[in-house]
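Asks: Take a look at the letters that make up each chain.
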Amino acid sequence: MNEERKTILEMLAEGKINTEEAERLLSALSKETEKGSDVTEIKSGYKYLRVVVEPGPESENPERVNIRVPLKLIRAGLKLASFIPKDAQAKVNEALHEKGIDTDFSKIKPEDLEDLLAQLNDLTVDVEGKEKIRVFCE
Amino acid sequence: MIPLLLRIHIRRKGRRGVNLWLPLFLLWLIVLPILTALLPLILITALILWPSGKGKPILCAYLMVFRLIGNLSGLKIDVRSRDNTIYINLI
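Keeping their order, the protein sequence lines are chains A and B. Here the first sequence is numbered in my numbering, starting from 1 and rising by one per residue. Here the second sequence is numbered in my numbering, starting from 139 and rising by one per residue.
There may be inaccurate statements among the hints.
[As the list claims (entries may be wrong)] Straight-line alpha carbon distances no greater than 25 Å define the calculated SDA-like cross-link-like pairs of lysine to any residue that follow: (1) B:K151 - A:E58; (2) A:K72 - B:S219; (3) A:K72 - B:G212; (4) A:K109 - B:A184; (5) A:K91 - B:L206; (6) A:K72 - B:L201; (7) B:K214 - A:R134; (8) B:K192 - A:K99; (9) B:K151 - A:E54; (10) B:K214 - B:W159; (11) A:K72 - B:L187; (12) A:K86 - B:D216; (13) A:K132 - B:L201; (14) B:K214 - A:A81; (15) A:K99 - A:E138; (16) A:K72 - B:D216.
Since the hints were made in silico from the structure, they are not lab data.
Input sequences plus hints: build the corresponding full structure.
Replies: Structure, rendered in structure tokens:
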């Protein structure tokens with residue numbers, strides 16, 4: 001049992017807080033611990049983001065894509081992108097919009113990336129049996 | 139770590155392929171002194187533009203270039219189809 005949890009239970013036993021307040025505090029504490037462990041896992045375990053595209057059983061084009069990007073490079077790239085002047089960012093977003101990508105990359109912060117990678121353990125997308133796309137960290 | 143070697147392998151149907159090992163450490167020997175020599179100029183520019191709010195981004199972007207170069211190692215792009223191959227690996 002960690003110190004914070006013990007303190008909350010002691011406060012409950014002493015009658016300083018009621019059961020509802022204790023429950024709220026414990027759930028907030030467990031959420032914080034969960035989030036912290038995810039980020040630690042990403043920071044310590046994974047080094048690369050991998051994107052693998054393999055032809056599916058119905059595919060006519062046997063094209064294979066295997067991309068490995070260092071996570072540190074993505075983080076550095078995101079930070080560098082935040083230094084791009086706003087008018088240039090608007091042009092980039094406009095170009096992306098024309099390609100059908102409605103994402104403002106300047107709003108993605110390194111902390112968001114950590115959260116995203118924590119959720120992105122092993123994502124597999126099957127595109128109508130033609131292609132199998134796997135995105136994962138290693 | 140700074141990438142020291144770049145491997146490029148390109149193969150296209152009906153054309154002569156390319157298979158190169160480029161010693162990037164030789165490139166860094168040229169680029170890094172140039173970037174370092176530019177530092178005073180960057181600092182002066184940042185100092186002049188600091189009141190307008192553009193100084194800090196310039197200074198940070200300069201530092202980020204080093205960080206980007208340092209984290210390029212391990213980048214691999216491998217695209218293969220029946221007739222074509224594009225393989226880029228920074229080691």
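Asks: Compare the structure with each hint and give your call.
Replies: Outcome of the hint check:
1. Using a Cα cut-off of 25 Å, the hinted pair K151 of chain B and E58 of chain A holds, with the two alpha carbons roughly 24 Å apart.
2. Straight-line distance between C-alpha atoms of K72 of chain A and S219 of chain B comes to about 29 Å, which puts the hinted pair past the 25 Å bound.
3. Simply put, K72 of chain A and G212 of chain B have alpha-carbon atoms about 10 Å apart, close enough for the 25 Å limit, and the pair holds.
4. Restraint check for K109 of chain A and A184 of chain B: the C-alpha separation of about 24 Å stays at or below 25 Å, so the hint holds.
5. In summary, the hint linking K91 of chain A to L206 of chain B is supported, as the alpha carbons are separated by about 23 Å, within the 25 Å threshold.
6. For the hint pairing K72 of chain A with L201 of chain B, the CA-to-CA distance comes to about 15 Å; that is within 25 Å, so the pair holds.
7. Restraint check for K214 of chain B and R134 of chain A: the C-alpha separation of about 16 Å stays at or below 25 Å, so the hint holds.
8. The straight-line distance between the Cα atoms of K192 of chain B and K99 of chain A is roughly 30 Å, outside the 25 Å bound, and the hint therefore fails.
9. For the hint linking K151 of chain B to E54 of chain A, the alpha-carbon distance of about 21 Å falls within 25 Å, and the restraint holds.
10. Restraint check: the Cα-Cα separation between K214 of chain B and W159 of chain B comes to about 14 Å, which is no more than 25 Å; the hinted pair holds.
11. The straight-line distance between the Cα atoms of K72 of chain A and L187 of chain B is roughly 30 Å, outside the 25 Å bound, and the hint therefore fails.
12. This hinted pair does not check out: K86 of chain A and D216 of chain B have alpha carbons roughly 34 Å apart, beyond 25 Å.
13. Among the hinted pairs, K132 of chain A with L201 of chain B is inconsistent with the structure: their alpha-carbon atoms are about 39 Å apart, more than 25 Å.
14. Note on K214 of chain B and A81 of chain A: the hinted pairing holds, with a Cα-Cα distance of about 21 Å set against a maximum of 25 Å.
15. Proximity of K99 of chain A to E138 of chain A is assessed by CA-CA distance (about 29 Å); at most 25 Å being required, the pair is judged violated.
16. Pair hint K72 of chain A plus D216 of chain B holds up; C-alpha atoms about 20 Å apart against a cutoff of 25 Å.
Violated hints for the displayed structure, listed by number in ascending order: 2, 8, 11, 12, 13 and 15.
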